[in-house]
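J.: Chain residues, written in single-letter form:
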Amino acid sequence: MISDKKWNLLRLARICMVNLLWPFLAVAQQPGEELTGPMVTFRPEHQKPVSYGNGTVEVTLVTVDGRRVLRIAERETRSERTVLLPKDMAQVDTIGAYGNKLVVFGMVNGTVWEVAVVDWTVGKLVDGFICYGPSLSSSGRYIAFIKFSPPHVPGNFEDHYMLYDTGRDPGANRPPGVASDDRREVGRSVFPRGVGNQPGDNAGVPPGTEHVARSDFFWVPSSEQFLFADRIGSSGSLNLVFVDISSSGNVTVKTLEQPIRELCREPQNDIPRCNLLMRKVNFNEAGFSAVWEVVETRQLRTVQYSFSQFH
Amino acid sequence: MLGTVRHSQYNYIYEKYCTAGQQTAYLYTLPACQWSTAQLKSDFVSQTEENGSGVTLNSGDVQADSGKNCNSNRPQGSNTSNSFVSVSSLLGQCGKPLVGGDSVATNPGPNVPGSPYNCGDNMELVNGNNQNSYLKHVLDQCSSDPKKGCGDGHVDDFSSTQQCSGLGDLPGSPYWSVDDQ
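Residue numbers (numbering that gives the first Met the number 0), protein chains in the order written: chain A, 0 to 310; chain B, 0 to 180.
Bound conformation, chain B alone:
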């Protein structure tokens, strides 16, 4: 039983809903470290850096650059704010596609040794007005920062909403929440 916890939300950024002009972005593959360039909308670039993952119009799925990889052949002009990893699909920490309205991220993540959470755990949410209840599933990891990440026990809920920015907290949050293994 987790008690009354905040439920924030996260989502993928969709370039088709972004509106700013284009800029040069740098894409690389792992583990081959093959670099290429793409013209991406600048608001897609910054929002994907901040939110983690995005779906481009013409260059497939990308994830934010940690700055750790492929530095030996990093192109001139590339930095962590304009570079992304090209991925074949966007997956949660459990290696499965996330499901909007169903998948949640926890801290510690479900694949971290010693974590109280396991991949696929049921998570039940009930709010104080008896108006909303959900049965969701643990499939991803959330940041450990206790002030805004999930280190304080709060849960980040995945949403399939397609837009060019992050989402506000899950309506009705906080919820009385239970994790069933």
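Bound conformation, chain A alone:
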């Protein structure tokens, strides 16, 4: 039993040691950031400048009376419109485009994202939804995301991987029977296989059987294909999931099982507890290389995969 006084001394000594080592420790942790880019933050009081431009329009984010607003200028006519973004979008992170649609990714709090779709030709917000980790394809047409589940509430939720088509109207991006302005049951599910998109279908999953994302979405450059990693509970393997969207919008899903013991080889790594993330992917003609990170130890492993391994 450690007395409070000894505990406080131990704590002070540890904090002093960490502070002395800080510059070196901080440098040692930078490889994680090199893999993922700058650490993502939620600081709505310090909104960073965000803009988008192509040959036709120039879009700038402005803040009016605390609300986020898009100022849209058509280059040819010099006409200008403003569009009020959803009231809960406290921070705007990116703006993309597909045809006459602008696709805005923002955050409502430290974990939940909101997506807004704006028709710039008429200056109108046409759709919006809340989700986790949205990612826009290189063409801007498709958004891959994780279906929303409320944070910090009981219910054992799992990750359902969804797809939104900005080329279709809001009703066509909702399942039958769901209102076209619904903010949660949005898009079509691509994984796990056989999962639809109904209220609560990602909740109440038996512990240990839930699908959990183990990577961001990685889009193949100049294509409508993307890759991500998924794990079921604390199982001994991960699924690499490759999604191919045809020009007609049909989706083909192929998977490859990656045993965790091959990535967590050190004796101290307990397989059920080994927390792996696929941090970086480099695509090539035959497949891709993936950089895996053991989160707790920051160990990195690079593995080469071939598309022919997927089924």
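Residues from chain B shown here face chain A by an in silico Cβ test under 8 angstroms; the list is partial:
{"id": "1", "residue": "Glu48"}
{"id": "2", "residue": "Asn50"}
{"id": "3", "residue": "Gly165"}
{"id": "4", "residue": "Asp168"}
Straight-line alpha carbon distances no greater than 25 angstroms define the calculated DMTMM-like cross-link-like pairs of lysine to aspartate or glutamate that follow:
{"id": "5", "chain 1": "B", "residue 1": "Lys67", "chain 2": "A", "residue 2": "Asp181"}
{"id": "6", "chain 1": "B", "residue 1": "Lys15", "chain 2": "A", "residue 2": "Glu44"}
{"id": "7", "chain 1": "A", "residue 1": "Lys47", "chain 2": "A", "residue 2": "Glu73"}
Treat the hints as calculated values from the structure; they're not laboratory data.
Values in this document were obtained by computation on a predicted structure and should not be read as measured data.
Ideal Cβ placement from N, Cα and C applies to all residues, glycine included.
Chain A is already provided as a structure; the job is to place chain B on it using the hints.
T.: Below, chain B alone, put in the same frame as chain A:
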């Protein structure tokens, strides 16, 4: 030792600080599935859905609807965005009230089998400018999404700040962080 990690913040939404007009909301109890209606401010409704938990002016504490429960007698007009579970108190995954500035949420959560975190674990935070240090405790679970949830090893810190929206990251974040069992 967790290394340098982001510390986001979360909080309960308080209707008394919301400003929009009222709308009809649907409340139910568990496990009895007794439904009732309430008039709640619309910004409280959307913010509580997004942040998880809220404190109403006249209808007690509520939590966002998972959509999984009480569907057999769900009233006409109720959906996951306007419905809430009535709860007697707001608790973390460890079954205890959360303490502002002290409780943190992790992924995996402290009650998940195989999780490296346990209920009540000490978590020490030190920032690079030697200006801030905290001793906090693990009491809750955070989302598993690695991009914005805590699946990347980042930690969500509970705040008792009363307002009608979520909070920005903990000032000074990222912090060098240590979990002691």
